[in-house]
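Since each chain sits alone in its own frame, please combine them into the complex, following the hints.
Single-letter residue listing:
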Amino acid sequence: MEVVGLHAVDIVIIGVYMLGTLLLGWWCTRYVGNAEDFFVAGKALPFWAIGFSIVVSDIGAVDFVAVAGAAFKNGVAAANFDWMGSMPAMVIAAFLFVPYFWRSGVFTIPEFLGRRYNSAVQFINGMIWVIFLFLMLAVMQWMTADKLMHTVLGWDPYFALWITAGITGFYTFTGGLTAVVFTDVVQLVVMYVGGFGLLALSLWEVGGWTSLQEQILAKGPEFQDHFKLLLPHDTTGPFPWTGIVFGLGLVLAVAYMSGNQVIVQRTLGARTEWDAKGGMLFGGFLKSMIPLMVALPGLCALVLVKDLPMEEADSAVPEMIRMLLPPGLRGLMFAALFAALMSSISGTLNSTATMFLTDIVGQFRKWTGRGPLNEKTGLRVGRILTAALIITTALLAEPIGNRTQLYVYIQTLLSFFQGPVLAVLLLGIVWPRATGYGGLAGLVLGVCMSFILNFTPGLFPSEDPFLFVAWWSFVFALVVVVVVSLLTKREPPEKIRGLVWSSVVSDLEAQEALEERVSS
Amino acid sequence: MASTAEVSETLERGLTEAAPLVQNTPTVIEQIQSAFHDVFAPVFHPMNSVLAGLPNWVMQVFGVGMFVMAMVWVVVFLNKDYVNHGRPYKSIWTDLRLWTCLSMLPHVAVYLYFR
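Chains as they are written, first to last, in our numbering: chain A, 1 to 520; chain B, 1 to 115.
Looking at chain B on its own, in the form it has when it is part of the complex (with noise of 0.2 Å):
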């Protein structure tokens, strides 16, 4: 029969020899992580190369494309009638077509400024 210090020299021993096995085995969460990276990666990672690739000016375009199709949507697409239903006078300085025009403008020039 073993002695109590042959037993904890085995154990000692053992976990040692065990530890660098034990740090290198991924956890369940980090094998689901890379199991979903598996799958997604190839989905995103060419993307993400296409969109670093792309010029300065196609960022300029989408940043101010966002005020200028919100206006051209509510000035060109909306229904007169209904963008400026309800409003108490009929007047040019009520019509919400032009206060949406107002507000975004000065975005744009923003936009366009810090680029």
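Same shape as in the complex, but just chain A (with noise of 0.2 Å):
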């Protein structure tokens, strides 16, 4: 690929986002006093920086260029992760799980299933989410580094890996959750003017939008899906309507905004009940904005970067960037490119820290007979963590984000777990007759179920079934939850009193004895 050429300009544009950057974060320092401010904000965090944190910390710089890819090869189909895999599981995840999770006053989710459960549950559930974010952070910091920084624009990537490991970890341990929050606010404003900047250049140069269509559509018949949204459920490509609506409209979507520690923690920093569920609402209204800018260029790309053959369909962006953006807006658009990075790095190490320090420092503390630190220690301990994080991630980024292989591997394991955790997550909150030992079948059977259904060739169309291996696999840790559930001895009132949803939600007693609970 050739590299693109940065002017001065652009350079100067980047330099100034890079420092603004790190001096508005460096000014959050202020409001971080202690380990609360530090983790969740001082829970004072208004709806719009909630919504404008949570899309940005979800899309990543690779994401530009991967989304457009998809686009290029798939069609619009590929913008249903922002559209079915977002609104309808924001508004399940603003009015069922979001108003539980802030009543209940937990910092993590596997906080939350150690007091439905037990300890154990939280320390395996919390190790299993600190491994994958270390990995991912590794991972995102050498592709934007070596594919992105140094095959785009010729960039050293070690150069590129360590300024913005240095930035981003730098405003990240001073600022906390405050520093990631407010950043994030300039960053997705930075990434919506790069991004429009570029989609609108595009739809210029192809003529408008009916030209685009019309354009695409004569290039075969291969190309007349490209503008449908939900393709027959016999498709083999991989997003048949029934894995959309299904595996990611209700099952992966819902877990991605109900469990994930990264979306979910704004939410636990909001000023209020009413901020919390606003931030998500508002968050999914913005993302709803995302497919236009990163899926629609790839569109583009089909008329404008002529012989780009399809298994290259990832520099479909990097290509339209070079034809059409001029000095000035190309500075710009890398800058949008950084902010996704760095936003999305900084959401994923403070997360990280917070669950480290919470589900297993703090469960280890517990089973040493030590009680939980106090707020002054929590807060030197958080920082030591997210330095030492960044640090630890920026040295092992080029061997274990050379190793791709063990990332998707990874990733596919995880995916195993999300249809049989949302299950057990689910059932623990609406069913106050689901036990411990129902929740443990449920996720060690519907695992199971995962790996048989994604290793057995033929039974879905879809070459890569993995939405409705989510589905299937949710379905049956449900029924798995409940049947044990009804067979074992029911929980004592007191251990599930203020901790299953209709407590919390409308018994006024259940309340007060959770934040006795939550206070002690």
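It should be emphasised that the hints constitute simulated quantities derived from the structure, not laboratory data. Wrong hints could be hidden among the right ones.
[Said to hold, decoys possible] In silico DSSO-like links for lysine-lysine, alpha-carbon gap of 30 Å or less:
| id | chain 1 | residue 1 | chain 2 | residue 2 |
| --- | --- | --- | --- | --- |
| 1 | A | Lys-147 | A | Lys-73 |
| 2 | A | Lys-43 | B | Lys-80 |
| 3 | B | Lys-90 | A | Lys-495 |
[As the list claims (entries may be wrong)] Okay, the calculated beta carbon distance ranges per label pair:
| id | chain 1 | residue 1 | chain 2 | residue 2 | range |
| --- | --- | --- | --- | --- | --- |
| 4 | A | Glu-311 | B | Ile-92 | 50 to 56 Å |
| 5 | B | Gly-53 | A | Asp-464 | 19 to 25 Å |
| 6 | B | Thr-94 | A | Trp-27 | 27 to 33 Å |
| 7 | B | Pro-26 | A | Glu-311 | 52 to 58 Å |
Since this is a predicted model, take the numbers as computed values, not measurements. The beta-carbon is built from N, C-alpha and C at its ideal position, and this holds for glycine as well.
This is the structure in structure tokens:
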């Protein structure tokens, strides 16, 4: 791939953006005095900041390239992940899970599972997430440094890696979640300006929307589905409608929006419950515009980058940047890519440190008979963990990032957990009769079912049936939890008091008991 | 006693004759996959046939229905006070039921357009 050249003005724009982010993050340090300020922004975040932060934490620099590539190859169906895969799940999260987590005063999702079931479940769940997020941090840093900054810009990958790690590490270390969220607000604005700038120029170049449709549909029979969001069940591609509606819309998206610490942590920092719910809805609204700036340029590339082979679809956006963007806008677009990268790193970093401290260090101290850390020590340990994580992941970024098979394997493994974990989480919240044995059996057998369905070929028409696997493992785990719970002894009411949705939402006495439990 | 050359020849002949048999023998993993396939195929294959035969409007109904049902759940079934608990002041603009509808309607339009 030919390197995209940057002019002096582009370098200045990228430099000003990075310096501004660094200063804003440092300025937020004044709001951090204890562990609660560091991990949940002192519970003072307004809805708009939560909404901005949720979106920008979710979209990484690689998404700009990969989603455009998927749209180039499969058409607008690639946008389902930001439409069907977001808004319905965010509404469910806003009104079912978020008020529950917010009122119960937990810092992390494994912490809830620990309270509802037992501390071993909390520790195991926390470990799985911390390992996954650690690997993701390393891969995110290396893939962007190597595949984007080195391949596209010709920068030294180690320079790109350490500059992003240094800046994001510094402001996350000093300002905690407050710095992460407020830099996210600026980063989303930069992302929108860069992304919509590229979209506007692309559409101008192809002659408008109608012309784009005509030119793509005229390319041949294999492009006839490029403007359809829902494709038939028997399509061999990765996005059949049944998988999109049931596997993505009802399982994977809900599990992601309600069970992913990086997303949920922002709502836990809300100043009121209304801000937590409103932030989720506002985030969903903002997120609905993401496909316009990441997927549609991929479609425009089908017309504008004529000789780009399908197997090099991920080069669509870099090619468009090289062809269309003048100096200045090119710098802004790369500032947008840096914004997407840095926001994802800082959000993941802060959440990993939170889970490590709450679910691993906290449980370890509990088992060894030591009490919880006080607020000042919690803040110091949180900062040490943040620094240690960014330095370790940056050092290990190349060896981990180069083993893409390891990352794919772990990501696939985690996807096997999504359906069963959602089933256990959902029934644990809404059904008081769910027991510890039921939850454990649902989790273990549900994951086994995921393995069996994924590795038995020929059961589903799609070549990559992960959406079907998610749906059926969720249904299976639901059935197992219900059956095993009904066959085992009911949990004592005092154990689940204040931990089931109905009591948290409507029973004032239970809420008082919950407040006592949280404050103790 | 057989010479080394004879042993070698016998071994070679044996291996040559056994090769097709070994190649055609399924591995343990393939046998397990085949067993699970036999169990689950009668469940999923008829379902696949029914779903593949559904007319296009059915997938549109399900697709758009996801957004409509989410709106109906919030606006009709959830308690108004629960939905807006903790809002700073009472105004139509702070009513999260309105926010839900405003966030959902563009999605409905998009799914109706790209069909």
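Each hint, compared with the structure:
1. A:Lys-147 - A:Lys-73: This hinted pair holds, its Cα atoms lying about 19 Å apart.
2. A:Lys-43 - B:Lys-80: Holds, at about 24 Å.
3. B:Lys-90 - A:Lys-495: 37 Å, violated
4. A:Glu-311 - B:Ile-92: 50 to 56 Å: 52 Å, holds
5. B:Gly-53 - A:Asp-464: 19 to 25 Å: Cβ of B:Gly-53 to Cβ of A:Asp-464: about 23 Å, so the range 19 to 25 Å holds.
6. B:Thr-94 - A:Trp-27: 27 to 33 Å: For B:Thr-94 and A:Trp-27 the Cβ distance comes to about 29 Å; the hint holds.
7. B:Pro-26 - A:Glu-311: 52 to 58 Å: With Cβ atoms ~32 Å apart, the hint is violated.
Hints 3, 7 from the earlier list are contradicted by this structure; the remaining hints agree with it.
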